[in-house]
Amino acid sequence: MARRTVGAPAFGVTVASLPDSAEAVAARVRDARANRASLRITGARQWLDAGRPCDAVDELSLAALRGVTEYERGDFTITVRAATPLAEIDAVTAREGQWLALQPFGSTDGTIGATIATASWGPLASAYGTPRDQLLGCEVVTGVGEVVRAGGRVVKNVAGFDLSRLMTGAWGTLGAITEVTMRLRARPEVDRTLAIVAEGGADAFCAAAWRWLRASPYAPLAAELCTASLATRLGLEGRTLLLVRLGGNEAFVRAAEESVATLGTTLNVETDVWTRLRTLEPRGSAVIRLGALPSELGSVWSAASTVVERGGGWAHATLERGVVRCVVPTSDGAEASERVRGIIDQLDAPGSRIVERLPAPLWASIASSAGDPLSSAVRRTFDPDGVLNPGILAPLS
Amino acid sequence: MTAPPVPALGGSHDEGLARALAAIVGERRVLERPGELRAYESDGLPGYQRRPSLAVFPGTREETVAVVRLLAERGVRYVPRGAGTGLSGGALADDVVLLGLHRLTRIISIDADNARAVVEPGVVNSTLSRATAPFGLQYAPDPSSQTACTIGGNVAENAGGPHCLKYGVTLNHVLAVTALLPSGEIVELGNAAGEAEGYDLLGAFIGSEGCFGIALDVTVRLVRTPQAVHTLLADFSSVTAAAEAVSAIIASGIVPAALEMMDAATIQAVEASIYAAGYPTDAAAILLIEIDGAAAGLGEDAARVARFCTEAGARAVRAATDPADRARLWQGRKKAFGAMGRLAPHLAIQDAVVPRTRLPQVLAEIAAIGRKHGVQVCNVFHAGDGNLHPNLPYDGSDPVQSAHVHHAMKEIMQACIDAGGTITGEHGIGLDKLPYMERLFSDETLGAMCALRTVFDPDRRSNPGKVVPVHSCREWHGAPSARRRSA
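Residue numbers (the numbering used here), protein chains in the order written: chain A, 1 to 397; chain B, 398 to 884.
FYI, nobody ran anything at the bench for these hints, they're computed from the structure. We put the beta carbon where it would ideally sit given N, CA and C, even for glycine. Each hint should be verified, as a subset may be incorrect.
Stated by the list, open to error - Cβ-Cβ distance ranges computed for the label pairs, FRET-style:
hint : chain 1 : residue 1 : chain 2 : residue 2 : range
1    : A       : Ala24     : B       : Val584    : 35 to 45 Å
2    : A       : Arg254    : B       : Ala765    : 47 to 57 Å
3    : B       : Arg435    : A       : Asp90     : 25 to 35 Å
4    : B       : Gly444    : A       : Ser21     : 56 to 66 Å
5    : A       : Ala91     : B       : Ala530    : 43 to 53 Å
6    : B       : Gly862    : A       : Arg211    : 46 to 56 Å
7    : B       : Val867    : A       : Ala24     : 27 to 37 Å
8    : B       : Gln758    : A       : Arg283    : 44 to 54 Å
9    : B       : Ala530    : A       : Arg211    : 35 to 45 Å
10   : B       : Gly710    : A       : Asp31     : 52 to 62 Å
11   : B       : Gly862    : A       : Asp31     : 15 to 25 Å
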């Protein structure tokens, strides 16, 4: 049965009672609304340790909504139910030489529904963008228990207002996602990874790497700058490294490798380094993402990487998106919490500062990300009584 | 807060309104006389005429804000308009105020280091790419009307274009918008210098067809100008063979920058026009295929694409010999809609999207529908996206012909929906596709769209009556008060 997680209530739902259709989910939501109850939406329970406060009375488990509904191989689209694990989508699409090019950080046991609901992304966002760029349509159950089917199953679609984008990253507060249609990509014919050793100051190297990315014709699948502490954890040489993933035909990749080599000493790295990078952070880590214009990321990187390494953590930066992701492992206890707070308080950036995961006790000090009047009005429109994941983004006003 | 809408605005907007607007923008920028307003009765889609009650053209951001606030105070309905090149009747103002934004043409900044630019809504799409070209950068979405259409209009429609196959549509290229809501309030959507957090209101705003407000400025992402480009023209003796080539190319995993199809009727219209591109006039269909990126390895991809065409039955595949040849091949494609103007006074334009695996089947069905109703169908479309543009030239003054075209349109739309597709890929719903929304979406979904609109525009004054059928905007659920924004 469900393990008790900090910040989440203990649930006692039996598998037999799990809703197995959008209509059944809608009935549960309508019941909850009529009874003035609230629901915490769960799938594979992989994201609960984001630690976000959620004061729901009951659990709405979507775990029974699992499996591929439709896979149009020739159209590079797949429709899957929300609780389908990413690993299952990977396995199904790999057989056709395709992939869902999202690969967010975290366990591959995580579900596609949670990935969309949290707008989670990984290093491949350099080339393919984030969930909002890859979601074609979705079916959701709103907070009033109505089934809404937004978008469609084709790769281009502007029919009506874009409810799909709205559901992406809403943490379930506008609707419980029950099914999604995603765009797929061909797996590259050749897929190779290089590590470039950052020589000289990290700040200058970061700037040089960005200039290469911005001007080079060889757009990589991913380009991720890693602190020395992270490189060690990945089984690589313990120095600041730029991991570059190159995909295409042999001639392209070979030319790209030569071009990347102008940045410094290169090492060949097995492609599975990306799987290790995705999955190495312990559950319950504190994760803060700092954003800046890519050309200004160097100073953010220098300051943040020093702070997190001193605190026993590590950082990596997706240069193309101007984001430094800082990871600080945590342990239980008030003292540990205070230590983490001390670290994250020093992390700042000019463009954005997004708290991705945090031990539950620390959330109280984090400002809401959806507290502006327009967002509050959207929330009241789709979930007027605060049935779905109340408090997870913002207190209801 | 805003006053309630004036119930019977009719054609007789009060003179006080024109005077008050003129005080903001100057008398020359307010048009009231029917003769002056005639130019604003249509957009890029011939066949619809709606006369605005008056038209106002602010020239600065400040004037725009003042105009919208005045309209809000008086509860006046209005329709925002860019260059008026839209293809869905979306910018038509039916006896309400037309708010033209094409004078807001400032490129506010180009940040070459970070590959982004900030522009006012009236900046013309291709003007932006020209301005960024010296930095080796371009704005990727390239609607066929790009030499006239505005970035503000592109944002409103979530516009696409041939090169969106590889690069993505407007949504994928806009980082932030300063939005002027119909209430006159200004909000920042997205994040121009970092990650956006919270609800993706920017994503909701893009493609909202002017119903959620006006973009006062738009921060866009720029992409590298490709190092190398291969442009191929493949010539087929049947539409089915061309469609099969498209399916084979897509299935191979190669993502061309553009993959366009034109059928015989379109080729002949283009070749008879001033935009003649040298297309083979005896072909049943041609594919215009562009592969771009790093020079290394690109030749291999182009050769594979050519082989897929040959295997599907292409009579010939030729490559553009130089940039002038490439430009000529593209001009024929981009001006194809214009060339169809030679065929008949009016043109019904479709924009449906189908799964790319269904292209051969759907194109055969469309041809059969055309034959059944005795109407001509000219296909020119983004085959790589499955985004069809079957266009039906007709004479709108002939009621019999118009009726045939109307029935054929309905059946084509239904065939695309039945194939698992959608009714518009890039032109928007506007007025033209409003009747088809209920075939595509449930009452609940339409109600949800309407409710979202109400968040941005509680009085539904901005572009009234577009996108979602008015009768779908019933009280969506039992909490009408929840839809009102607090003051």
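message: Given the hint of 25 to 35 Å, is the C-beta distance from B/Arg435 to A/Asp90 inside that range or not?
response: violated, 59 Å
- request: Could you tell me whether the CB distance from B/Gln758 to A/Arg283 stays inside 44 to 54 Å?
  value: Check passed, 49 Å falls within 44 to 54 Å.
message: Please check whether B/Gly862 and A/Asp31 have a Cβ separation lying inside 15 to 25 Å.
response: Distance hint for B/Gly862, A/Asp31 is violated at roughly 37 Å.
field: B/Ala530 versus A/Arg211 beta-carbon gap, inside 35 to 45 Å or not
entry: Violated, since B/Ala530 and A/Arg211 (Cβ atoms, about 19 Å apart) do not stay within the stated range.
- request: Go ahead and decide if the range 46 to 56 Å is satisfied by the Cβ distance of B/Gly862 to A/Arg211.
  value: holds, 50 Å
query: Using the C-beta atoms of A/Arg254 and B/Ala765, is the stated range 47 to 57 Å upheld?
result: Because 49 Å falls inside the window, the suggested range holds.
message: Against the range 56 to 66 Å, how does the distance between the Cβ atoms of B/Gly444 and A/Ser21 compare: consistent or not?
response: Given range 56 to 66 Å: violated, Cβ gap about 43 Å.
field: Satisfaction of the hinted span 43 to 53 Å by the C-beta atoms belonging to A/Ala91 and B/Ala530
entry: holds, 44 Å
query: Between A/Ala24 and B/Val584, does the beta-carbon spacing fit 35 to 45 Å?
result: holds, 38 Å
Hint check for A/Ala24 and B/Val867 - Cβ pair distance inside 27 to 37 Å: holds, 32 Å
message: Between the beta carbons of B/Gly710 and A/Asp31, is the distance compatible with 52 to 62 Å?
response: Once the Cβ atoms are compared, 59 Å apart, the range 52 to 62 Å for A/Asp31 and B/Gly710 holds.
Of the numbered hints stated above, those contradicted by the structure are hints 3, 4, 9 and 11, listed in ascending order.
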